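Protein chains: 4
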Amino acid sequence: MIPRYSRPEMTEIWTPETRFRIWFEIEAHAMDALAEIGVVPKEAAKVVWEKGRHASFDVERIDEIERTTKHDVIAFLTHLAEIAGPEARFVHQGMTSSDVLDTCFNVQLTRAADLLIADVDALLAALKRRAFEYKDTVCIGRSHGIHAEPVTFGLKMAEAYAEFSRCRKRLVDAREEVATCAISGAVGTFANIDPRVEEHVARAMGLQAEPVSTQVIPRDRHAMFFATLGVVASSIERLAIEVRHLQRTEVLEAEEYFSPGQKGSSAMPHKRNPVLTENLTGLARMVRSYAMPAMENVALWHERDISHSSVERMIGPDATVTLDFALARLTGVIDKLLVYPERMLQNMDRLGGLVHSQRILLALTQAGVSREDAYRIVQRNAMKVWHSYQLAGRADIDFMTELLVDPEVTAVLSEDQIREKFDLGYHTKHVDTIFARVFKD
Amino acid sequence: MIPRYSRPEMTEIWTPETRFRIWFEIEAHAMDALAEIGVVPKEAAKVVWEKGRHASFDVERIDEIERTTKHDVIAFLTHLAEIAGPEARFVHQGMTSSDVLDTCFNVQLTRAADLLIADVDALLAALKRRAFEYKDTVCIGRSHGIHAEPVTFGLKMAEAYAEFSRCRKRLVDAREEVATCAISGAVGTFANIDPRVEEHVARAMGLQAEPVSTQVIPRDRHAMFFATLGVVASSIERLAIEVRHLQRTEVLEAEEYFSPGQKGSSAMPHKRNPVLTENLTGLARMVRSYAMPAMENVALWHERDISHSSVERMIGPDATVTLDFALARLTGVIDKLLVYPERMLQNMDRLGGLVHSQRILLALTQAGVSREDAYRIVQRNAMKVWHSYQLAGRADIDFMTELLVDPEVTAVLSEDQIREKFDLGYHTKHVDTIFARVFKD
Amino acid sequence: MIPRYSRPEMTEIWTPETRFRIWFEIEAHAMDALAEIGVVPKEAAKVVWEKGRHASFDVERIDEIERTTKHDVIAFLTHLAEIAGPEARFVHQGMTSSDVLDTCFNVQLTRAADLLIADVDALLAALKRRAFEYKDTVCIGRSHGIHAEPVTFGLKMAEAYAEFSRCRKRLVDAREEVATCAISGAVGTFANIDPRVEEHVARAMGLQAEPVSTQVIPRDRHAMFFATLGVVASSIERLAIEVRHLQRTEVLEAEEYFSPGQKGSSAMPHKRNPVLTENLTGLARMVRSYAMPAMENVALWHERDISHSSVERMIGPDATVTLDFALARLTGVIDKLLVYPERMLQNMDRLGGLVHSQRILLALTQAGVSREDAYRIVQRNAMKVWHSYQLAGRADIDFMTELLVDPEVTAVLSEDQIREKFDLGYHTKHVDTIFARVFKD
Amino acid sequence: MIPRYSRPEMTEIWTPETRFRIWFEIEAHAMDALAEIGVVPKEAAKVVWEKGRHASFDVERIDEIERTTKHDVIAFLTHLAEIAGPEARFVHQGMTSSDVLDTCFNVQLTRAADLLIADVDALLAALKRRAFEYKDTVCIGRSHGIHAEPVTFGLKMAEAYAEFSRCRKRLVDAREEVATCAISGAVGTFANIDPRVEEHVARAMGLQAEPVSTQVIPRDRHAMFFATLGVVASSIERLAIEVRHLQRTEVLEAEEYFSPGQKGSSAMPHKRNPVLTENLTGLARMVRSYAMPAMENVALWHERDISHSSVERMIGPDATVTLDFALARLTGVIDKLLVYPERMLQNMDRLGGLVHSQRILLALTQAGVSREDAYRIVQRNAMKVWHSYQLAGRADIDFMTELLVDPEVTAVLSEDQIREKFDLGYHTKHVDTIFARVFKD
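Protein sequences appear in the order of chains A, B, C and D.
Its first residue numbered 1, the first sequence is counted upward by one per residue in UniProt numbering.
Its first residue numbered 1, the second sequence is counted upward by one per residue in UniProt numbering.
Its first residue numbered 1, the third sequence is counted upward by one per residue in UniProt numbering.
Its first residue numbered 1, the fourth sequence is counted upward by one per residue in UniProt numbering.
Read the hints as simulated data drawn from the structure, not as lab findings.
One or more hints might be untrue.
Which copy is meant is left open, so a pair is good if it fits within one copy or across any two.
Unchecked claim - List time: in silico DSSO-like cross-link candidates among lysine-lysine, alpha-carbon distance up to 27 angstroms:
{"id": "1", "residue 1": "K46", "residue 2": "K135"}
{"id": "2", "residue 1": "K440", "residue 2": "K135"}
{"id": "3", "residue 1": "K42", "residue 2": "K429"}
{"id": "4", "residue 1": "K70", "residue 2": "K384"}
{"id": "5", "residue 1": "K421", "residue 2": "K384"}
{"id": "6", "residue 1": "K336", "residue 2": "K70"}
Predicted model only: the values in this text are computed from it and were never measured.
Let's have the full structure, built from the sequences with the hints guiding it.
This is the structure in structure tokens:
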């Protein structure tokens, strides 16, 4: 996580100020429950809320105390006592530091997940808009980087829409994984604290009570969370690479938006580089990589060791901030993507109609020509066109024209029948069906 | 995937025989649909089913054909024609190889997921049985590898039960991710095949139609699948490491089962090594590692490239077979785990009752002693016991005894009050609550 | 590791037969040393060598024994006794199983490294040949996928040559990392075996004695080995992706070799897919992924745990066999790569000479025009050409022609001066310098 | 990289100030060479050096310019012109931004490597000191976490010393990998800049000229660099886990240093947690994880894409700062590690001398008892001791005593012979040999 690839709303979640605010809320809600069951005076809980609710916790002061106590939660509680006065002695009763730390981390992760889900929603909106905008804009489909058969640019957007719809669902599931709260004491047995406190704090913080904790909330939850972020990042990479391919000089069917005054290079006006999507490719690598330490964090020793902590202090912000930034950047790219339908047709046409060869083959077969003969006939004509393309990067010969003068073809297919096989509509006839499947609401 | 760490039922899913059987079913179901909408003769579909349903596909013959055609699906179709006769010419009409390959891969993955879910169910059953068996068996809880406060061995099993319940849900979700079918032609536009064929095959094979495919089924689904397997493997590692710790010579609170005649070492009778759980630790590393290439597989170029294929030919079997083996091995370990309740108490007692020091501290405070004084009093007594432990590995002095003769303690706490603080029941009073949360049905 | 991506010479290293042969050699060499220092009779060592040297160890028989003993080394020793007779009782004296297992694994890895180094040598030879063949074949250099300035195809090959030269050195280093032998007994103290035995076996097997072992050879060595393989795989991926890009329909500057009769698609003659390099992309992902579990293997507990073993049984063969196959496949691709110099020029020319715009800019500046004016002048002319390209995918306007009629240009540059700026030789003048750096011998 | 796990000297390398300083030096050295070959006036080079050498570059001013130019190198050059005056127009002549950026990154990495190597040297010194301090301090060796045979604590330190000596060599190699400089222009052809400039700058900055670059320095170098850091981190993890094991309550043979006033827990005096080594375990996971994106960075498209940049902006500082911190922390841990030789003996003795059972077995065999009988005799006595241990966690029966009264033993072995087998010196007799191998200088 570095400022260059960060957005303020997500970064905010990971500031010390936010963390101390969440700690306060956990402690204060716990006091409410403790007061309710008679462990601490109700008045004390009230005072702590009153003094703390609008207090601003002094990060430098807390750091200063921590330098003495070498314990961050104790430092915070000490500072809270400075703010709340003598009633603060009832704070944290029967609790253990991890109760606060782990519940706070999960609050942060669920908030981060909320932002990520909103990011995906914005991306989905952009994809949907561009999908319908170019629903019928024909371009060549490519397998292995080689021209195959026509698709539409709208279909590409629809595919991405479907993929990010799945990512959205995964993020919702991932959020649920970490939306738990533990207030269960030193080894998770509730020896010194009533389970009702946990239930109250969970409810108050919008979480579920962790069914069984062991001082810490089990880290398989977090492994699943960060693994999911890695999958979402991989989908970002896919769409980014699609744009990078389309912007290649030789393809140039789409381009990242360039503001009027922007310069790609000081000398070469054609240097519009797909730097945003290249950047996204790198960011995806980073987010993906955080899944590994998150998985290694699962196998803590016995009731807990603290090896997960240093990992999470890093990947908590690093993974969420970077993914948030990447999703927003991708949304911008899609939103403003320059699309060149003319170039799409030109690129397709450079092969002189060869993309229709399969249809001619089928037509000949259906007209009674043996498969072997049909293949020979099609290939004979297609190879002329292909060689012409291969020599010059643009076919000077037209496949349809060749077929119309080949007696073996015209013997079984009329001119109309041949021409009909070059109809692009044949390839797009089910686009509406696919759109209906993808955009269900 | 190697025989040593494989079980037949999972391996079976990945044999050529199974693959060809699934290919046949996809092709034959597709023919049914094609026949239904009038593209191929109903009689042809019937014949293909009749001849193929019980046929055994000859793997060597197909390999032989593939050496000529250099194309596995064509080789299969040629062999199918040898079996089904002239009606086989209607097979695969309008389809592309990936329609068969990708749908088959997803059938294999869902079957693999079914086995994995059943594996987890067996593990859950073992964990539940052992959890209730040792629900009230007190042992020391350890944070950072250091004695903390008492838990029960049943709680450890309950924690694992809760964790693997989550893993079960994740596997169900992962199964759903890959339970899709695509029969959509060369670039996914259904240009040459009616979408109804896809819908029929999906239904017949127990899958959902992929909303939008691009010759291939999108690989974010598989990334999620293999990432989930990595998380499950990490949970296996956690429980394996718990057992390894408990079996250490110095701890010895539990042991992997040893058959009566088994020898750990030819000379040293105490050499009972936790080799099964060590093995599981390694297997977890492997399953986890497969998540990375699965995520890198997502960003295929344009409508598809085939870079994912070599990865999946490896991790498809490798990840599922290894995880299946690991889950079964772990179930065996838990099922037959030797548990030593006596040793648990002995280990706890080696610290001479020090684990209760926190309760004494609280009692003194509640009796009106200032926190500073209370801490000083407790520490004074505790340090004697601790030094005794530290010197000999077993406290020769008893914490309770020391307290009972300390005038500063006895001034405010009666003997009964002191003795009561050493009651283990204090720590286990909420075990039933936790069990009720974990074992809901 | 699967047969489809395996070559026999590397696979051979990992067969049970080879393993037992290496075990025998380790045991027999150890006997020689033991005999030399008087621990076992010299005659016994002689007999074991005589009986075992040409014996074929019966894998099924050893497996059968292992089913009883549950110990692979003991099973082997039992079988060896069946072959060598009573003198076999002196075999393995004072040794521990890991002495044999770990030393054997390192022998296998060094042999694998030898093959990999030879693979890289073959690749280097192919790269060098193609580099000199196309040393002066100009093609466009692309940054961000966008045309930049001219390079030569030979330079691309030279870059790959330099990269794989580095990979070769890395493999030599990696080989050295694992070329160690340990015969040091149960916990590495040589309590029951003289260190001279280790030294003798090391020498005899072409290894170094491990300075200090702990029953096992330390796994940081193997982590480094497999990490290095991951880096080499990443270089394979780079070159594979270069080929895939060059073979794209719109670029088509090079193609994987197609045998005359080969079909890329049953209908479309242009469907020559870069399937070999796509396959290599996937294989690189796999080899890279094995670095992770190898690194996790380092932190064994105390003097050893056996968690590394299951990992190594998999990645030992998987990583080396796959990388060997990938290197050989890449060599074949480079060796037979179809290169189209004409197309390279055509692609470059499609931008109507725009790639020379920077030189014009510099010439104007050097002729006294202010940088601002020079930029404006160049851009005015360049944009005409670029728009023409952007509209049609091929510039209908020529940059040089435009410049020659622009009074602001001709005011300061003569026609000759302008024409000279379009000389491709300007860009290739240092190719020989670079080649001299890269091909030093 | 977060402040909590950072040290100033390493962090300093990655500040904007340092980066701009390095950029300046690269540009100024390049000017020297350009002046030498007559491309720019020598006076200009002199002025730039004079004005820039001691200038402090204003990071905020440069950021401000970058907000307009959207290009960091141009922003820097603009600011440099503000400092150096009109002569600055000769700066950067014929160079491309990557020439500066990539060379600077490699300067930073080599400086980072220097610090890391110094860190390892400090660690090696600590390990060597502790190794000799405890060279003959016997403790039990453990395989699989189970007592095996005696080793010495010094040997454990020697093993770590040998491992980090290897890590040192790897870091030196890794440093060499990235110690290259490229000043080769837009696509690496030196079209606009003489190769002698590169050679001069390389020499001046302590680097080698990159034999062939492509606008960028090839990223296989960096992949190897970060992979090496991952291996070093894994060795840190190993030693950290050793300490964590030794500090377990039940083992307690060593402890991380606790300052007199430090509190592990507010109530429990025995709560000295190995938090430093747990922390190191987590940091190792992080450093290891950065190897993956570094390897994925290798396969840039054609002459370069910029996807590596975002990755390196993160892992450049993250990996080096974290590893530097971890090495220093580990050095502190080793340096001040509390070692308890008495406890080592107690732990060993808890098994009542069982660790010597193998020697008795061998002695009986050598005295003529058949292997079967010898095993039966040893096992009979050993099992008594073992059961006693298993029941109580400390054997109440002594193995030697049992043997001395077993007629089948005393029939062939004298008391002296039996007693001699319990000599710990037998296990430590080769410690000096091993130390001589490890500490060669």
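Hints the structure violates: just list their numbers, smallest first.
1
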